[in-house]
Every structure is written in structure tokens, then in C-alpha cells.
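S.K.: Here the protein sequences line up with chains A and B, keeping their order.
In terms of the numbering used here, the first sequence opens at residue 1 and continues consecutively.
In terms of the numbering used here, the second sequence opens at residue 1 and continues consecutively.
The reader is advised that the hints may include incorrect statements.
Okay, derived cross-link-like pairs now, SDA-like style, lysine to any residue, Cα gap no bigger than 25 Å in a straight line [said to hold, decoys possible]:
1) A:LYS397 x B:GLY100
2) A:LYS397 x B:GLU77
3) A:LYS397 x B:GLN79
4) B:LYS19 x A:ASP402
Quick caveat, the hints were computed from the structure, so don't treat them as lab data.
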Amino acid sequence: MTWWMIIRNSLRQHALSTAITALSIGLGGGLLMAIWVVNFQSQRAFKNVTGGFDAILGPRGSETQLVLNSLFHMDASPGLINRTDYEIFRKSYKRFYRNAVPIAVGDNFQGYRIVGTTHDLFAAEHSPGEPYALAVGDYFIRNDKQWNKEAVIGDTVARKLGWRVNQKFSPYHGLNFAEGQQPHKDEYIVVGILRPTGTPADHVIWIPIEGLQQMDGHDAQYAGDVSAVLVQLSTNTTARAFGMNSLDAIYNKGTDHLTFVKSTADVVARLFDRLGWAEKVLRWVALLVAVVAAGSVLASIYNTMNERRREFAILRALGAGRGTVFGVIVLESATIAALGAVIGFAVYAGIMFAAESILRNEIGVTLHPFEQHPVMAIVPVGLVVLGAVVGIIPALKAYRTDVAENLIPQS
Amino acid sequence: MTLLEISDLRKSFRTPEGKTQAVLEVPSFSLKTGQQRALRGASGTGKTTLLNCIAGILSPTSGIVRLDGHDLATASEPQRDALRARCIGYIFQTFNLLQGYTCMENVLLGMSFGRGPDTDAARGLLDRVGLSHRLHHRPGQLSVGQQQRVAVARALANQPLLVLADEPTGNLDPQSARAALQLIREVCEESSAALLIVSHDPMVLDQFDDCQDLAELNHAAQEVTA
């Protein structure tokens with residue numbers, strides 16, 4: 001109680017410097033936690049949204065572009081796989097994979113991508129253990145004999161555009177929406193809305209692949225082409241390795257116009273590795289902010305030592321030992337750091353909600369701000385320990401206070 | 001019963017020239033339990049040094065300062081701190097109240113290192129010195145006389161055996177000084193605490209039957225003045 005009374009009074013008397021110091025600690029701590037957690041959760045989310053598709057067949061080009069375009073619905077399409085190549089893959093190499101789902105891209109509605117595909121896509125899992133499910137309506141009709149101009153839309157599309165089942169729309173050409181552009185003449189009707197998946201699929205308008213291939217205004221000679229084929233390899237390790245290596249040999253080494261992405265997970269991991277420098281820089285900046293903030297705790301307490309020498313002398317005259325005075329200063333420093341850690345959680349929450357909103361709206365990846373991560377304990381505890389450690393320097397000064405000398409009022 | 005016993009007490013300091021200068025040489029001095037005594041001392045006679053040695057704030061160069069059976073001269077610093085907290089109340093000329101703290105907190109701090117904080121007892125003490133309506137005021141919000149009364153309450157917070165008062169009325173006008181002195185004497189009497197007061201104010205000294213000249217007591221002061 002006594003220690004707390006002394007600390008509380010000191011913090012109150014130096015309220016402004018305490019607040020500024022705690023705020024700077026909070027900024028550093030919050031940044032550090034947010035950078036760590038955003039990096040961890042976004043990596044995990046990106047790895048999880050491969051939708052169970054281990055590999056991709058696409059036109060010759062960058063593997064990263066192929067993965068981003070096919071699974072994350074970002075970036076430009078690297079081109080097309082012609083009908084012949086697609087049919088060969090589908091019929092002749094079936095033994096090398098378990099499942100293959102073609103997709104075609106090239107149109108949008110107000111910036112939301114329209115992706116042509118088959119029912120097989122919805123039979124897959126968008127994240128491990130989580131299959132697609134409809135919130136309302138039904139999947140579009142598409143079988144070997146017929147396909148209708150129907151669409152199934154992702155949750156974000158439904159929310160942002162305010163669409164419901166039976167909404168009609170006409171696609172626009174291209175992956176990006178341009179004001180003043182004329183839409184295609186084809187009119188589609190929304191027949192189903194998917195439940196939120198927390199993946200880029202929430203941003204997509206799904207239609208039967210023939211709809212995109214045969215869209216009014218598209219070149220008829222490409223009607224049978226697809227943009228990419230999403231591939232699920234065997235779950236058996238040996239068969240999987242055999243299929244992967246065989247398709248790698250056939251397409252990457254045996255052709256010059258197709259690319260087979262052997263492992264979508266590896267491509268995502270490589271992408272994060274390439275972006276790793278930015279994350280490292282941010283982490284160092286946050287660490288630097290935290291260290292500078294700890295230095296400001298030291299400076300703010302140390303600067304008050306001269307004016308507090310009389311206070312310490314009086315406390316000593318009342319019977320407080322040197323250890324008590326030392327402990328009070330160390331605890332006061334740790335308390336400022338603890339206040340900073342509390343502010344850090346507010347900073348963390350602010351950054352996380354902003355990042356969550358941006359990632360969800362831009363690419364459909366969902367973060368979980370309240371999900372626990374060890375860094376959320378390590379950083380606050382680390383800050384408090386750091387605060388206590390830097391408090392030792394002014395505490396030593398308080399410890400050495402000469403009682404008799406400082407009881408006399410200084411003019 | 002003897003509460004305080006001093007023999008051959010010597011305190012010396014090193015001068016800026018590197019020489020050792022004795023400022024206190026007290027061959028013998030004692031105080032009984034509940035006794036009230038005044039020491040007459042002009043500036044430079046070592047009165048604050050004597051009180052600080054008795055309070056254990058300063059460690060004597062040599063000699064014995066025995067308080068309630070404990071020799072402060074040979075005790076370690078933590079032992080002196082504990083003894084001071086438990087047995088001694090100190091009233092300073094400048095009161096030495098903690099400015100950021102309320103009257104209540106100042107008295108509670110006085111208790112904290114001794115018998116432990118007791119809100120009811122602190123309230124009772126402030127009531128006794130006539131400040132029950134100023135419990136949550138800070139020193140800056142009080143008159144000089146009221147600040148002195150808070151200092152008295154704080155000095156008595158641990159039910160000390162000995163109250164040391166260093167020029168306790170030095171900052172007060174004559175009327176307030178008389179009232180303050182009467183209060184100090186009364187509360188010490190009520191709590192059976194011995195009182196050792198040092199002052200150069202004749203008005204204060206005239207109040208005490210038991211009054212001694214510090215210059216006679218302190219041989220070092222005699223040498224300086226000689």
C-alpha cells in the first residue's frame with residue numbers, strides 16, 4: 001500500500017511526462033505485437049486458402065503470378081491453356097492426380113472478379129476441413145447437357161453490392177472495372193450466396209465456365225480455353241510424389257508453353273520469404289521504438305531525481321530503508337512500462353482491426369485480432385521487465401541519497 | 001527509567017581542505033521515559049547533528065547512543081532505519097511534509113515504516129491536532145500553522161517513545177508558536193512519549209522547567225566558540 005501510494009503520487013505529479021512516456025512505450029509494444037501477429041496470421045491464412053489444391057497447371061510464366069491469379073484472384077492472368085492441352089491433361093494424365101478443376105477469368109462486375117468454373121470447385125474445401133456451403137439459394141445449374149446464365153456469389157460481393165438471390169447483372173470485360181465501360185450483353189442471375197469463408201473466394205462471382213468462355217464479345221476461337229487448372233494430387237505420399245514429378249517432367253521440362261506449379265504452398269512460402277525483408281525492417285523499427293521508449297522512461301524518471309531528493313530524504317527520516325527507496329523507483333519505472341503495455345494492447349487492437357479490414361476488403365483474407373499468440377504475453381512482460389531494468393539507474397541515485405544533507409530545504 | 005543514554009558521543013566531518021573537524025562532542029546525556037527537555041542552542045552549536053545522531057540518520061564517529069536499550073552507534077543502517085521508524089518521531093523546523101500528499105497520506109506515510117498504516121488512527125491523530133476538516137488537503141492548501149500540526153500528527157503516528165523537535169516553531173508567528181508548542185507538549189504527554197526539543201527561541205525555552213544549554217553539553221561547540 002505504501003509503495004503504491006508513493007508511486008501513484010509520483011505518477012500524478014509527473015502526469016504529462018508519464019502519459020507521454022507510456023504512450024511511446026504503448027506505440028512500440030503495440031506495433032511490435034501487431035507486426036508479429038499480422039505476419040503470422042497472414043502467412044497462415046495465405047497457406048490455408050490454397051483450397052486443398054496442391055498444384056496448378058497454367059500457361060508458361062511466373063509461378064507466383066499463376067498462384068496469385070488462380071487461388072487469390074489477384075494479379076493479371078498470365079494467359080490461357082488451349083482446349084487441346086486442357087483435354088490432354090484431363091483425359092491422358094488423369095492417373096497423376098485425384099481431382100482437377102478448370103477456371104476461366106477475364107470479366108468483372110465493379111471490380112469483383114467473375115470466375116468461370118465447374119461444380120467440382122464447390123466440392124473442395126476452401127480451408128482445411130471447411131467445405132464451401134451456401135448461405136442461401138442454390139449452386140448454378142451446370143451439367144454436360146446444359147448450363148444456365150446463373151451465378152453464385154461470395155459473401156463480400158453480396159454484402160458490398162447489396163445483392164440477393166435473383167439479382168440480375170451484366171459482366172464487364174477485363175479484370176478491372178473502368179468507369180464508362182459498356183457491359184456485355186449477357187445477363188446473369190444470382191441463384192446462390194456462399195457462406196463467408198474468410199478467403200479470397202468471398203470476393204468472387206462464380207459462373208459456369210462455359211458462360212465465361214462463350215460470353216458475348218469474347219473471341220469464339222478461344223471458347224474452349226481455360227485460364228488455369230486447379231489440381232489436387234493424391235493423398236498417398238508415394239502416389240503424390242509420383243504424380244507431382246511426372247507432371248513436372250511433362251509440362252515444365254517437356255513443353256515450352258505450359259507451367260505446372262508443383263506446390264502452391266511452396267510458392268506462397270517463397271512469396272513470404274521474398275517479402276520477409278519488409279517484415280524484418282518493420283520489426284526492427286518497432287523494437288527500436290520500444291527501446292527508445294524504454295530510454296524515455298529512464299530519462300523522465302532520472303530527470304525528476306534531483307527534485308525528489310528531498311522526498312527520499314523525508315521518507316528515509318520516517319524510517320524507510322535504502323532498499324525501499326530503491327524498490328519504489330524500480331517499481332515506478334515498471335509501472336510506467338506496464339501502463340505502456342496496456343496502451344500497447346489498444347494500439348495493437350487498432351492496427352489489427354485496420355489490417356483485418358484492409359486484408360478482408362482487398363483480398364478476402366481474414367485475420368483474427370483476438371486470437372491469442374505468445375507474443376501478446378512476451379511483449380508486455382518484456383516491456384515491464386525492460387522498464388524495471390532501466391529504472392535501476394535512477395533507483396541507484398535515489399538509493400545513494402544523503403538523508404541529513406537533503407532534509408535541509410534547498411534555496 | 002532511562003530511555004536515551006549518550007556517552008562519549010563524537011561526530012566529525014571532513015572539511016573541503018581534507019582536515020577532520022569535530023562538530024559534536026557530548027560526554028554524557030540522558031533522557032528518561034516521558035521526560036520533556038529543551039536544549040538551548042544558537043546556530044552552529046551542532047543541535048541538528050545531535051538530533052540526527054539520536055535519530056540514527058547520522059552515524060556517530062565514536063561513542064554510544066543507546067535508545068530503549070539499542071545502541072544506535074553500532075547498529076547497522078537497516079537496524080537504525082527500523083528503530084527510527086518504530087521509536088522516534090521527528091518534527092522539523094521546515095516541517096518536511098511531502099508536498100504531493102494529502103494530510104492523511106502524510107500521516108499514513110509516517111506510520112508505514114513502523115507499525116503499519118492505520119487509517120482510523122491517522123484520522124484520530126489529525127482530529128487531535130484540530131485538522132479533521134483538512135484530511136484530504138495538501139500542504140500547499142494549508143496555513144503554516146496547520147502544516148506544523150500535520151507534522152506533529154505525523155511525528156506521533158507510530159506512538160514513538162521519543163519525539164525530537166528541531167526548532168519546531170522557527171517558522172511560526174509568536175501566537176502560532178505558543179499554540180504549536182503547547183500542542184506538541186500535550187500530545188507527547190498524552191502518548192507518554194519523551195520530548196527533546198532544540199531551539200534558540202526564549203519564548204519556547206521559557207516554557208520548559210528542564211532546559212539545558214547545548215553549548216555546555218557539546219564540547220566541540222565550546223572549542224569553536226572559544
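S.K.: The structure should be examined with respect to each hint, and the outcome stated for every one.
M.R.: Structure-based check of each hint:
1. A:LYS397 x B:GLY100: holds (21 Å)
2. A:LYS397 x B:GLU77: Satisfied, since the Cα-Cα distance of roughly 18 Å is no more than 25 Å.
3. A:LYS397 x B:GLN79: holds (22 Å)
4. B:LYS19 x A:ASP402: holds (21 Å)
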